[in-house]
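Assemble the complex: chain H is given as a structure, and chain G must be docked to it using the hints.
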Amino acid sequence: DAGVIQSPRHEVTEMGQEVTLRCKPISGHDYLFWYRQTMMRGLELLIYFNNNVPIDDSGMPEDRFSAKMPNASFSTLKIQPSEPRDSAVYFCASRLGGNQPQHFGDGTRLSIL
Amino acid sequence: GNSVTQMEGPVTLSEEAFLTINCTYTATGYPSLFWYVQYPGEGLQLLLKATKADDKGSNKGFEATYRKETTSFHLEKGSVQVSDSAVYFCALIPYSGAGSYQLTFGKGTKLSVIP
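Here the protein sequences come in this chain order: H and G.
Each residue of the first sequence is one higher than the last, beginning at 1 in this note's numbering.
Each residue of the second sequence is one higher than the last, beginning at 1001 in this note's numbering.
The shape of chain H in the complex, shown without the other chains (with noise of 0.2 Å):
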């Protein structure tokens, strides 16, 4: 079975520029995460989705994040525009409903110079 798809798995930008960061779920899966990974804050909540609508947005930092969940299988996090201190690995995970455990995508290392 497919896993949780990321892309890119890299993204290398100024700063400025608008980044947009992809995820596909693993297929049946109505919970989707947004992680963010720094060596400084560790691994912090950004958003999350259940059945495609945002249920708690209160870790994105600050208005120039935005994250959408069109469909069941697409998910988007977009930043506008992008600064160095946004530079860090931004994990996608998804899962079924209740007590059942995450499945993590391989990851997008955004640096932003």
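I should point out that these hints are in silico values taken from the structure, not numbers from a laboratory.
These numbers come from a predicted model, not from an experiment.
Any given hint might turn out to be false.
Simulated coverage check for chain G against chain H, where a stretch passes if three residues somewhere in it have a Cβ under 8 Å from a Cβ of chain H [stated by the list, open to error]:
(1) 1045 to 1057
(2) 1070 to 1080
(3) 1088 to 1095
Backbone N, C-alpha and C define an ideal beta-carbon position, used for all residues, glycine too.
What follows is chain G alone, placed relative to chain H:
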């Protein structure tokens, strides 16, 4: 609120040594408990889980027992290998019964195994 506390790393062991990574939790209700592993350059992978008190999760030689009386879920392995070098995360999902089964992670413990 819900929280997970893991031992600070990094932990450095020689090959074939015994491993323990401590994890304690605070949660309402009856949480499910998990250990995730992150190898360099990769995402987090589920290593093992336990969903009720006294359950023992096991996988790849790793074990952890859900201890409700001590609110702990310590990870153990009898003989570590160089390939076990990774970051290990303890996590919980609280069974609130009201949806929002959100994972709460510990900060992670980096393990380095040297030959």
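Hints, one by one, checked against the model:
Only residues whose C-beta sits within less than 8 Å of a C-beta in chain H count toward coverage, and the region 1045 to 1057 of chain G has 4 of them, enough to reach three; the restraint holds. With a cut-off of 8 Å between beta carbons, the region 1070 to 1080 of chain G has 0 residues touching chain H; three or more are needed, and the interface restraint is violated. Judged by the Cβ-Cβ criterion of 8 Å, the region 1088 to 1095 of chain G is covered by chain H as claimed, because 3 of its residues qualify and three suffice.
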